[in-house]
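Protein chains: 2
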Amino acid sequence: MQKNILVAQSGGPSAAINATLAGVVLEGMRHEEIGNIYGALNGIQGVIERRLIDLKSQIKTDRQFKMLECTPSMALGSCRHKLPDYEKSPAVYEEIRKIFHEYGIGCFFYVGGNDSMDTALKLSEYFLAVNEDIRVIGLPKTIDNDLFGTDHTPGYGSAAKFIATAVAEIARDCDAYNLNSVTIVEIMGRNAGWLTAASVLPRAAGTEVPQLVYMPEVEFSLEGFLEDVRRLHAVRHTVVIAVSEGIRFADGRYVSQSEQSDHVDAFGHRYLSGAGKLLERQVANKIGCKVRSVELNILQRCSSHILSATDINEARRIGQFAVRFALQGQTGVMAGLKRISDAPYICDVVTVPIREVAGLERGFPKEWIAPSGNNLTDDVFCYLLPLIVGDVQPPTRNGIPEFFSFNKSVLSHT
Amino acid sequence: MQKNILVAQSGGPSAAINATLAGVVLEGMRHEEIGNIYGALNGIQGVIERRLIDLKSQIKTDRQFKMLECTPSMALGSCRHKLPDYEKSPAVYEEIRKIFHEYGIGCFFYVGGNDSMDTALKLSEYFLAVNEDIRVIGLPKTIDNDLFGTDHTPGYGSAAKFIATAVAEIARDCDAYNLNSVTIVEIMGRNAGWLTAASVLPRAAGTEVPQLVYMPEVEFSLEGFLEDVRRLHAVRHTVVIAVSEGIRFADGRYVSQSEQSDHVDAFGHRYLSGAGKLLERQVANKIGCKVRSVELNILQRCSSHILSATDINEARRIGQFAVRFALQGQTGVMAGLKRISDAPYICDVVTVPIREVAGLERGFPKEWIAPSGNNLTDDVFCYLLPLIVGDVQPPTRNGIPEFFSFNKSVLSHT
Chain A
1 MQKNILVAQS
11 GGPSAAINAT
21 LAGVVLEGMR
31 HEEIGNIYGA
41 LNGIQGVIER
51 RLIDLKSQIK
61 TDRQFKMLEC
71 TPSMALGSCR
81 HKLPDYEKSP
91 AVYEEIRKIF
101 HEYGIGCFFY
111 VGGNDSMDTA
121 LKLSEYFLAV
131 NEDIRVIGLP
141 KTIDNDLFGT
151 DHTPGYGSAA
161 KFIATAVAEI
171 ARDCDAYNLN
181 SVTIVEIMGR
191 NAGWLTAASV
201 LPRAAGTEVP
211 QLVYMPEVEF
221 SLEGFLEDVR
231 RLHAVRHTVV
241 IAVSEGIRFA
251 DGRYVSQSEQ
261 SDHVDAFGHR
271 YLSGAGKLLE
281 RQVANKIGCK
291 VRSVELNILQ
301 RCSSHILSAT
311 DINEARRIGQ
321 FAVRFALQGQ
331 TGVMAGLKRI
341 SDAPYICDVV
351 TVPIREVAGL
361 ERGFPKEWIA
371 PSGNNLTDDV
381 FCYLLPLIVG
391 DVQPPTRNGI
401 PEFFSFNKSV
411 LSHT
Chain B
1 MQKNILVAQS
11 GGPSAAINAT
21 LAGVVLEGMR
31 HEEIGNIYGA
41 LNGIQGVIER
51 RLIDLKSQIK
61 TDRQFKMLEC
71 TPSMALGSCR
81 HKLPDYEKSP
91 AVYEEIRKIF
101 HEYGIGCFFY
111 VGGNDSMDTA
121 LKLSEYFLAV
131 NEDIRVIGLP
141 KTIDNDLFGT
151 DHTPGYGSAA
161 KFIATAVAEI
171 ARDCDAYNLN
181 SVTIVEIMGR
191 NAGWLTAASV
201 LPRAAGTEVP
211 QLVYMPEVEF
221 SLEGFLEDVR
231 RLHAVRHTVV
241 IAVSEGIRFA
251 DGRYVSQSEQ
261 SDHVDAFGHR
271 YLSGAGKLLE
281 RQVANKIGCK
291 VRSVELNILQ
301 RCSSHILSAT
311 DINEARRIGQ
321 FAVRFALQGQ
331 TGVMAGLKRI
341 SDAPYICDVV
351 TVPIREVAGL
361 ERGFPKEWIA
371 PSGNNLTDDV
381 FCYLLPLIVG
391 DVQPPTRNGI
401 PEFFSFNKSV
411 LSHT
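Here the protein sequences line up with chains A and B, keeping their order. 245 is the number that full-length UniProt numbering gives to position 245 of the first sequence; each next residue is one higher, with no gaps. 318 is the number that full-length UniProt numbering gives to position 318 of the second sequence; each next residue is one higher, with no gaps.
With the rest of the complex left out, here is chain A:
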């Protein structure tokens, strides 16, 4: 008997998350066992609110698939809705079960980061507990690259490519004048320095930038920072610095704390911004040279015009494999990436029990940080370089990227 499948997206945007969605739809269309392919709008919240749309009728042509793959941010919409524990709110789970029955859902695919894996885990355990054959697969997505159980996360490679390119370009911009200057590039990544680490990739294209890298894994010292800059100015005009938004002082306070906004999301995460601005003012006051800080900001997660082909291909493959895993009867697993070798770069899609990975943050390897604490070792290149390989030409109209938009008219169902 045919089963329908349901896919939804959650968490923060990335440039590759729709390639995973495209992979689910593409693979779903290939199997006779699968009937309808539904998408829920705004993640698990849209499931609960019965805001489901039909996907097969909307993505048909190669160009539509390509457009969807190259469209940044969740085409189905996202949510930050945290599924409560079953013990506290059994009614929510029963409602979801009822909705899945109504729509004949046999497999649910949830694309997202750590918080979304938490939801996928809870749902899969609930269905097992009530002896319901509804399979739940988690599909990783986060530019932060901090998920456990996968070599890296889809979205990270494209973000890394944008960051590396932007740092290379900004470094050239800063080099135009014949005077001492400091340029501070502030990079996303609350707790792990994965994104900040990508800033060193320009060195693989013949540059020396950035000269200094401050990771959130290392206690930040303002005095040490100013000393680093002074030392470099003795031998060169231009100093380019990559700094994580999440750097903290020895006492645990974020450097950006004085610049912090009050916005706290549903998972208690605080929106950080301003480490670069604070360091900019420090350089201006204590060193007095030309100084500028640049926040790469949300382009890090949505710059679809500079995608990594490796990233997009892997994101799509994860979507495709997730469908196969579900059809094999697996549930409560995440489709993760397992690196077989660096050169040639080979990466397999494997399953990982979500229970083993949910809630854990995969930190940046301490041994890749130079003993000085203000730079990285060359080990990072073996890991990072394969992830940014290959260009993607996104569909454009009039020279502007043309994005895929779903008709979001919700299905009426009884």
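Treat the hints as calculated values from the structure; they're not laboratory data. Be aware that one or more of the hints could be misleading.
No copy is singled out in the list; a pair is fine if it fits within one copy or between any two copies.
In silico SDA-like cross-links for lysine to any residue, where the CA-CA straight-line distance does not exceed 25 Å [said to hold, decoys possible]:
# : residue 1 : residue 2
1 : Lys290    : His81
2 : Lys366    : Asn285
3 : Lys82     : Lys290
4 : Lys338    : Cys382
Note that the structure is predicted; figures quoted are calculated from it, not measured.
Given the coordinates of chain A, work out where chain B should sit on it, guided by the hints.
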């Protein structure tokens, strides 16, 4: 008798300025009348300091030319040096004349914005006054697009393409959640809204963003701005706003004034930043929805990974034509672009007496601003769309842009 030529770059960086340099070198190599091709490091300052390098020996292969063309910011370095009036400092002019004699310079090409044209004008008039056959040609360059005597300036098209693409991407990023939000994109352009105008180009690819556009040409009202946002929130969740860094209140104060840094350059220009941040705080306090401001910052002028082929080709052609104009005996002219038609897009390179254009700012046409003052009319598309046509694939190494760097060992000469 063979003459040597000298080229230098000045003013603020752009992504196309080295294509103009490449054009000068390319064309210079084709004429028997031209001997050596020198580049001065850091503009007119490098001329005065005799910091000249040989260019022909450094740019030989097609790949080198391509790399140079796709390298952002001045490959020869820039300066903000303002040439004093002859009456005040005749010695500087006599020194430059002496240096030009030493190096056998018959033509000087100065690539830059308004301030650089001022220098080119002064030098050309000095050489004419002292009956010296040294020709001086100005080559336009500025992302600001505010030079007189040219339909547009090289560098503007690529900046416009980056801005349009970034706004399209950011708009998708902001659309992921099912809640009211405001996203403010702050765009460069001190006095003229040319760059901010490029933000509407995503509408030519099937989107409606940005919903509001605040140009520096229109008096800014905080109350009007908040009212605009409230009105839009009545009919849609997500409001994307493009705002020029240079918007001012009715009394002439910059909106960013409270955020202004004290840095003033040699031409008395003040570095602006912060209009977006101020509006962000206003929305947070007065409307209370999710709000974020994004400063596109210096990537607007150095994002070589998303060049306009039209822009790069025109920048190169301007360099080539400048050499031909000089060989024809012209001096004191700028090589400008004259648009013949929009569709098909045809643009000629012509000469314009610098005297007629130096010191003037070409404002954004008032009639392209909607009567409401918070949007643009469709007229802007005819003008803008041809300028962003065509993609350029910059040379890369390991997936990272590979930039051209000159060996800056200065020539020793007697």
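Tested hints:
no. : hint               : in the structure
1   : Lys290 with His81  : between (44 Å within a copy, 16 Å between copies)
2   : Lys366 with Asn285 : neither (32 Å within a copy, 41 Å between copies)
3   : Lys82 with Lys290  : between (45 Å within a copy, 19 Å between copies)
4   : Lys338 with Cys382 : within (15 Å within a copy, 50 Å between copies)
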